[in-house]
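Enquirer: Now for the letters of each chain:
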Amino acid sequence: RKEVEQDPGPFNVPEGATVAFNCTYSNSASQSFFWYRQDCRKEPKLLMSVYSSGNEDGRFTAQLNRASQYISLLIRDSKLSDSATYLCVVDTNTGNQFYFGTGTSLTVIP
Amino acid sequence: DTAVSQTPKYLVTQMGNDKSIKCEQNLGHDTMYWYKQDSKKFLKIMFSYNNKELIINETVPNRFSPKSPDKAHLNLHINSLELGDSAVYFCATGYTNEKLFFGSGTQLSVL
Numbered sequence: 027r028k029e030v031e032q033d034p035g036p037f038n039v040p041e042g043a044t045v046a047f048n049c050t051y052s053n054s055a056s057q058s059f060f061w062y063r064q065d066c067r068k069e070p071k072l073l074m075s076v077y078s079s080g081n082e083d084g085r086f087t088a089q090l091n092r093a094s095q096y097i098s099l100l101i102r103d104s105k106l107s108d109s110a111t112y113l114c115v116v117d118t119n120t121g122n123q124f125y126f127g128t129g130t131s132l133t134v135i136p
Numbered sequence: 811d812t813a814v815s816q817t818p819k820y821l822v823t824q825m826g827n828d829k830s831i832k833c834e835q836n837l838g839h840d841t842m843y844w845y846k847q848d849s850k851k852f853l854k855i856m857f858s859y860n861n862k863e864l865i866i867n868e869t870v871p872n873r874f875s876p877k878s879p880d881k882a883h884l885n886l887h888i889n890s891l892e893l894g895d896s897a898v899y900f901c902a903t904g905y906t907n908e909k910l911f912f913g914s915g916t917q918l919s920v921l
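As given, the protein sequences belong to chains U and Z, one line each in that order. The working numbering puts the first residue of the first sequence at 27, with every later residue one more than the last. The working numbering puts the first residue of the second sequence at 811, with every later residue one more than the last.
If you are wondering where the hints come from, they were derived from the structure by calculation, not from laboratory data.
Footprint (simulated), chain U over chain Z, 3 or more residues, beta carbon under 8 Å:
id: 1; segment: 848-859
id: 2; segment: 905-917
Below, a list of computed lysine-lysine pairs in the BS3-like style, where the Cα atoms sit at most 30 Å apart:
id: 3; chain 1: U; residue 1: 68; chain 2: Z; residue 2: 832
id: 4; chain 1: U; residue 1: 68; chain 2: Z; residue 2: 877
id: 5; chain 1: Z; residue 1: 909; chain 2: U; residue 2: 71
Don't be surprised by glycine CBs; every beta carbon is placed ideally from N, CA and C.
Using the sequences plus the hints, can you model the full thing?
Expert: The structure is reproduced here in structure tokens:
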């Protein structure tokens, strides 16, 4: 089993739609969770951290479910500029390392 | 000022050559990393390093070696390059177990 698993998509949604991504992780001792965004031919950039109580940043909402070992990202009112690959990132709880999911590709269509 | 800078941005070389990629950070972070992103876009950890500990992903060939002259630099040296080494290599930095900041990547093409 992979340490972090994501549905690779692609997700093609119209502008204004709501879209949700899920990510599962295997290490129950993991403590740090993040969503990153990667545009084509660019470096990954932090979108948001994921906190135990869930957190929201504008149109983006992240949630953590420790019991089921998954995190989610909800994007409301999708914009064309949201088109990117979204990467789920989880710490390994050993040795300062992080595991990345394979990424979920999102295309927002006019 | 770029927080995490890596050079070169593009590197084209022949099989069998030895090359280095440099990474520098001015964020004062205690941990630096090298990641490899292959053609399938999967980001895989190669090394993590702070002043105390180097952790090597066991699947990384020993042709790859990180070298850290000081806390702000972690360079990646690759010996005897192979076709399969072609990928994008990202340097990243962070505080222990906190979010990562990435460099802009080095696209390595081995011919």
